[in-house]
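*Asks:* Construct all of the structure, not just a fragment, from the sequences and the given hints.
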Amino acid sequence: MDLGKYAETVLWSYLGAVGLISALIGLSLWQAAKTRRALRDAEARIGQAHG
Amino acid sequence: MSMWEYANPKKFMQTSGAVLPWVSGLAAIFLITGLIWGFFFTPQAVNFGSTVKIIYLHVPSAMMAINAWIMMLVTSLIWLVRRHHVSALAAKAAAPVGLTMTLIALLTGAIWGQPMWGTWWAWDPRLTAFLILTLFYLGYLALWQAIENPDTAADLTSVLCIVGSVFALLSRYAVNFWNQGLHQGASLSLDKTENVSDVYYLPLLLCIAGFVLLFLSLVLLRTRTEIRARRLQALLLRERMA
Amino acid sequence: MIALLIRDLRLATRSGGGFGLGLAFFLLMAVLVPLGVGPDPTTLAKIAPGILWVGALLSCLLSLDRLFALDAEDGSLELLATAPIPLEGVVAVKSLAHWAVTGLPLTLAAPALGLLLNLPTAGYPWLIAAFALGTPALSVIGAFGAALTVGLKRGGLLLSLLVLPLYLPTLIFGAEVIRRGTQGLDAATPLLFLAAISLASAALLPFASAAAIRVNLR
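Which chain is which? The protein sequence lines are A, B and C, in order. Counted the way our numbering counts, the first sequence spans residues 13 to 63. Counted the way our numbering counts, the second sequence spans residues 2 to 243. Counted the way our numbering counts, the third sequence spans residues 111 to 328.
Check each hint, because a few of them may be wrong.
[As the list claims (entries may be wrong)] If you want the ones that stay clear, here's a sample from chain C, every Cβ over 10 Å from chain B, calculated:
hint: 1; residue: Leu119
hint: 2; residue: Thr152
hint: 3; residue: Leu190
hint: 4; residue: Pro221
hint: 5; residue: Ala242
hint: 6; residue: Leu262
hint: 7; residue: Leu268
hint: 8; residue: Pro279
hint: 9; residue: Leu309
hint: 10; residue: Ala322
[To be verified] Computed footprint of chain B on chain C, listed as stretches where at least three residues anywhere in the stretch have a Cβ under 8 Å from a Cβ of chain B:
hint: 11; region: 269-275
hint: 12; region: 281-291
Please keep in mind that the hints were generated in silico from the structure rather than gathered at the bench. Think of the CB as a built atom: it goes at the ideal place given N, C-alpha and C, for glycine as much as any other residue.
*Replies:* Next comes the structure, spelled out in structure tokens:
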């Protein structure tokens, strides 16, 4: 495949966009995992205290 | 069965948990096919060269940047009128996604503009309007960050979102007006969709669908996180009280 | 309501009320910019409308965080919220008072600063008209931003982040009026837009601001 004289332009924009999207996905997944874990811990702890 | 059933956090968690893998899977399929098709299997345009491939990122992200704000506006209104927490949290969840979309649109636009217009940045009405939209997203997110009480934050950000929508729209027209005043006739039309031929159209549609699904799955995921965070906060509070 | 207006004006003009600070800031802007850009008269004349409006925006912003914060601190805001006059009216009156101590002096001082910035003579009527019609919008929009951040301990920075994007249409149309006025073009259209923004925000935004204050006092 030949991207011609604009190869750099196209590659950089794809890299930048994919990078931004993956950063957002990564952040969302990380936050999701973190809160899920924290919530499970808290529920387990409170369950013990009551049980 | 009405759509308001999903305003119940428990019901929402159940349904969204079941739907999320499908939506995100579909998003991945659409995006990957669309982008690979667009990147590898479309010809170069006569006057744009290979830069035409950037539209597969630029156009969908720009669309989603605006749609995300509209969705935030709708969910904010629902929160203010019907007080469903899920709605407010969905608005909060959508904001970072919308911000990322504006950034992608601006970034790809700047990279495209460099060889095409000979400059990274021009004060073209559309570019300027997007920059302004970025500012609105930043302000909205900053307000969420700043307020501790979640209900107060939801109320205030909703009001800001509604007022901000009016002013964002106004800015859009003001910017149009302003640039015409600057250089009459000199048009840097970004309306590439007008001259998109069929070869580019199908992969573009795929990419748009992919971005919509990506947005949807990210918002679902982030809303679930927000609901869990709220529940966690409530639990910790109860623990401290007991 | 008139009593409230007088009270606010008196508080603002008393020493330590911040009256004149905005004006001094405005003057400083007009002095700093030529020092930074260089004394070339044609350049200055070209950028004068923009400088004047940006100066007005920023000096308006300076006094916004005290608009409700002082009343919230000593509890008088809660009294006002439960007073027989509607909170929307309170917000409107407070914005009016804010305009009287910032927007009005700015409008009066603007021609003098235009002189410093070498604004062409044809622009002065438009300059005064644009400031007179545009600065009320700055106070009303600013009151909305101040209402949003009234419950926060350190709301000043956030306030500017929230309010400045809302100021954009006013800035664009305001500077456009002066620019067209100096070039002898038709400046009536942006002036009408400017007036429309001021009137519409004065009519509608107090409701949003009052709602925000109620939420913050809850």
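*Asks:* If a hint holds in the structure, say so; if it doesn't, say that too.
*Replies:* Outcome of the hint check:
A cut-off of 10 Å between C-beta atoms confirms that leucine 119 of chain C is not in contact with chain B; the least separation is 27 Å. Distance check on threonine 152 of chain C: its Cβ is at least 17 Å (rounded) from any Cβ of chain B, clearing the 10 Å threshold; non-interface status holds. Under the 10 Å C-beta cut-off, the non-interface status given to leucine 190 of chain C relative to chain B holds; the minimum distance is some 19 Å. Distance check on proline 221 of chain C: its Cβ is at least 23 Å (rounded) from any Cβ of chain B, clearing the 10 Å threshold; non-interface status holds.
Separation of alanine 242 of chain C from chain B is adequate, the least Cβ-Cβ distance of about 19 Å exceeding the 10 Å criterion. The Cβ of leucine 262 of chain C does not lie farther than 10 Å from every Cβ of chain B; its closest approach is about 6 Å, which violates its non-interface assignment. With a least beta-carbon separation of about 5 Å from chain B, leucine 268 of chain C fails to lie farther than 10 Å from that chain, contradicting its non-interface assignment. Its closest Cβ contact with chain B, about 4 Å, brings proline 279 of chain C to no more than 10 Å, contrary to its assignment away from the interface.
With 10 Å as the threshold on Cβ separation, the claim that leucine 309 of chain C sits away from chain B holds: the shortest Cβ distance comes to roughly 13 Å. Alanine 322 of chain C, annotated as away from the interface, has a beta carbon of chain B within 10 Å; the closest lies near 5 Å. Note: the region 269-275 of chain C has 4 residues with beta-carbon separation from chain B under 8 Å; the three-residue rule is met and the coverage holds. A stretch counts as covered by a chain when three or more of its residues have a beta carbon under 8 Å from one of that chain; for the region 281-291 of chain C and chain B the count is 5, and the coverage holds.
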